[in-house]
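Participant: The primary structure of each chain is shown beneath.
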Amino acid sequence: MTVRRANNEPRWMRVLLLVVALGFLALFLGFPLVTVFYEALKKGVDAYLAGLADPEARSAILLTLGVAAAAIPFNIAFGVAAAWAIAKFDFRGKSLLITLIDLPFAVSPVVAGLLFVLIFGSQGWLGPWLAEHDIKIIFAIPGIVLATLFVTFPFVARELIPLMQAQGKDEEEAAVSLGASGWQMFWRVTVPNIKWGLLYGVILANARAMGEFGAVSVVSGHIRGETNTLPLHVEILYNEYQSVAAFASASILALLALVTLVAKTVVEWRMRKETEMLTADLPPEKTE
Amino acid sequence: MSIDIRNISKRFGNFVALDNINLDIPTGELVALLGPSGCGKTTLLRIIAGMESADEGQVLFGGAEATHLHARERQVGFVFQHYALFRHMSVFENVAFGLRVKPRKERPSESEIRKRVMELLSLVQLDWLADRYPSQLSGGQRQRIALARALAVEPKVLLLDEPFGALDTKVRKELRRWLRRLHDEMHISSVFVTHDQEEALEVADRVVVMNKGRIEQVGSPDQVYSNPATPFVYQFLGNVNVFHSRLQGNLWAEVARREDGAGGEGGGAGDSLAFVRPHDIDILREPVPDALGAEVRYVHPIGPVVRVELAHQSELVEVELTRERQEELQLAQGQSVWLKPRQVRVFPAGTVAGEALQDFSI
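Residue numbers (the working numbering), protein chains in the order written: chain R, 1 to 288; chain Y, 1001 to 1362.
These are computed hints drawn from the structure, not numbers from a lab.
A portion of the hints provided could be inaccurate.
Straight-line alpha carbon distances no greater than 25 Å define the calculated DSS-like cross-link-like pairs of lysine-lysine that follow [stated by the list, open to error]:
1. Lys-1115(Y) x Lys-1105(Y)
2. Lys-94(R) x Lys-169(R)
3. Lys-1102(Y) x Lys-169(R)
4. Lys-169(R) x Lys-1156(Y)
5. Lys-273(R) x Lys-195(R)
6. Lys-88(R) x Lys-169(R)
From the structure, some residues in chain R lie toward chain Y, with a derived Cβ separation under 10 Å [as the list claims (entries may be wrong)]:
7. Gly-44
8. Asp-46
9. Ala-47
10. Ala-50
11. Gln-167
12. Asp-170
13. Glu-171
14. Glu-173
15. Val-176
16. Ser-177
17. Leu-178
18. Ala-180
19. Gln-184
20. Arg-188
21. Val-189
22. Lys-195
Note that this is a predicted model, so its numbers are computed, not measured.
The beta-carbon is built from N, C-alpha and C at its ideal position, and this holds for glycine as well.
Next comes chain R alone, as it looks inside the complex (with noise of 0.2 Å):
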């Protein structure tokens, strides 16, 4: 009889789980992926390209990545203030802040965009004051950018706090005992122990960012050419029955899906490369 170790499970439960798993991944989601390239190759090459050649479509997916682009440097400086104040500080109202980073994960995004029609639309709070002034919110870019914002700004917060917190503040209070300026402190010192950390977030905050269609789709008014980001795009083009056309444009979403898939992979590998050199092990002591 061969000796079996507690924790080793007969081959054949092995088995089961793997097939159980990949499975489920091949048929929920590579299927669907090979499914979205295929269907927008059906017709040929020329009939992908001149699907994305539409004027819409270039516009689409220029606005696509012209309001993930805004939202970036939003996220970056409300991510990194709210994890400092929350990992380096104690105040009152500190939960009450972590809370709040979390709304928009629990909040429909629908139910977003509905909240930022009724605060600036033209029936809103601010609807008359911005009418005055000649400035649209809803229905243009702003109103895009902004529900944007409003659902990813926790990726990035949300990765820091942990990383924040696990470094503590010694290193900050050591520069500052060394001279620093809070500037000199905080570009030399802070940002090259979170610089990874940060990345991680605003490529999952990106990715969702082009992605978004929920809160989008109630403030942008679908105006083609204008206020039509890709995942609308996607849609109308879909409802009309334009389906190489509406594939085509998917395709372009999967492939960015796929490009922050690598990109994050590559990060990943950065974060953990770097806790292992910090656990690495210590050569002996040296005796002088």
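Since chain R is already given, all that's left is putting chain Y on it; use the hints.
Facilitator: Frame of chain R, contents of chain Y only:
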């Protein structure tokens, strides 16, 4: 530079961390703040460094008001318990940091920085590690680099927060002596926080014993050990036998009061505690006047000393003998012997932080 601490108080919510602390630290002294955790010693150190602000009171550096000076303007070198080295910088860059962040006008040239850093690294005997990263160093090495980094900006005062607390015993002992030698070479006013009495007694010029946000005693290591001002200091520094109960009938306390004469009439009999260190008690095989009868319970030879546990009526008494004395006495379990103290100190019962009433030696 001298440090004056005047009437410093600090509260965290309802917790009183520091209660009206007054302390003078003369130029060039190495002072230990010693106490159990939560006694306020680290808070006091952080207030001196400017990393925490006091609710009340003043901090003076060299006689000049420094209470509201920002930490970066205090010219204080700070060494952390967990080193706080900049993990993404090489050892060289860690030590160079303080020089690189100086305002452009005061900043030394690159070659001067290199020279100064290498000097400091050889001072801490780690110049061969300049290109390593903190994660590649042992704990003892990290703390020496942290010290070199703090010294790079030529601080007026060096503050160390449990500097050896995270190291193992052997490395800690080495570093202690090394810190003492370094201090003797540099002669910079230094304050270090520790909960390890041995460390404080061995390294410091002066020991400040703290408890519950107050200073219990300030004195040389010898003074605080052999002449503790309060029962707390007695118990915190080394082992002590406390004779609580039935002091009315306790021979030694009676002796103490008689010898003291006038002062003895202050407290009524029975409300005193007698403190005797285990090595201040001699064990005798024959009865003598003023000796207590006791029975030997256990005999443990521990390294150079022999620890004997005895029972005096219902009280447990611990005595430390030299090996030679034990060889003379040949103590064994169950033997009846007599105890004679060389030094007893009596405090009124109920004084936790009060002053001593009497002190005498037999």
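Participant: If a hint holds in the structure, say so; if it doesn't, say that too.
Facilitator: Consistency of the hints with the structure:
A threshold of 25 Å between alpha carbons decides the hint, and for Lys-1115(Y) with Lys-1105(Y) the separation of about 19 Å falls inside it, so the pair holds. Straight-line distance between C-alpha atoms of Lys-94(R) and Lys-169(R) comes to about 17 Å, which keeps the hinted pair within the 25 Å bound. Between Lys-1102(Y) and Lys-169(R) the CA atoms are separated by roughly 21 Å; this keeps the pair inside 25 Å, and the hint holds. The suggested pairing of Lys-169(R) with Lys-1156(Y) holds, with an alpha-carbon distance near 24 Å, which does not exceed 25 Å.
Using a Cα cut-off of 25 Å, the hinted pair Lys-273(R) and Lys-195(R) holds, with the two alpha carbons roughly 14 Å apart. With a CA separation close to 6 Å, the supplied pair Lys-88(R) and Lys-169(R) stays within the 25 Å bound. Checking Gly-44(R) against chain Y by beta carbon gives a least distance of about 52 Å; that is not within 10 Å, so the hint is violated. Annotation: Asp-46(R) was flagged as interfacial toward chain Y, and the flag is violated, the nearest CB pair being 51 Å apart, outside 10 Å.
Annotation: interface hint on Ala-47(R) violated; nearest CB of chain Y at approximately 51 Å, more than 10 Å. Contact between Ala-50(R) and chain Y, as hinted, is not supported at the beta carbon level, the nearest pair being about 50 Å apart and thus beyond 10 Å. Here the hint on Gln-167(R) is kept, as its CB sits about 8 Å from the closest CB of chain Y, short of 10 Å. Checking Asp-170(R) against chain Y by beta carbon gives a least distance of about 4 Å; that is within 10 Å, so the hint holds.
Interface restraint check for Glu-171(R): the shortest CB-CB distance to chain Y comes to about 5 Å, inside 10 Å, so the restraint holds. Using the Cβ-Cβ criterion of 10 Å, the hint placing Glu-173(R) at the interface with chain Y is satisfied: the shortest such distance is roughly 6 Å. Given hint, Val-176(R) at the interface with chain Y, holds; its Cβ is 5 Å from that chain's nearest Cβ, closer than 10 Å. A cut of 10 Å between beta carbons decides the hint on Ser-177(R): the least distance to chain Y is about 4 Å, and the hint holds.
This hint holds: Leu-178(R) has a C-beta 4 Å from the nearest C-beta of chain Y, less than the 10 Å allowed. Satisfaction of the interface hint for Ala-180(R) is found here, the shortest Cβ-Cβ separation to chain Y being roughly 4 Å, below the 10 Å cut-off. Using the Cβ-Cβ criterion of 10 Å, the hint placing Gln-184(R) at the interface with chain Y is satisfied: the shortest such distance is roughly 5 Å. Given the 10 Å rule on beta carbons, the hint for Arg-188(R) holds: about 7 Å separates it from the nearest Cβ of chain Y.
Taking 10 Å as the C-beta contact cut-off toward chain Y, the hint placing Val-189(R) at the interface holds, the least distance being around 6 Å. Taking 10 Å as the C-beta contact cut-off toward chain Y, the hint placing Lys-195(R) at the interface holds, the least distance being around 9 Å.
Violated hints for the displayed structure, listed by number in ascending order: 7, 8, 9 and 10.
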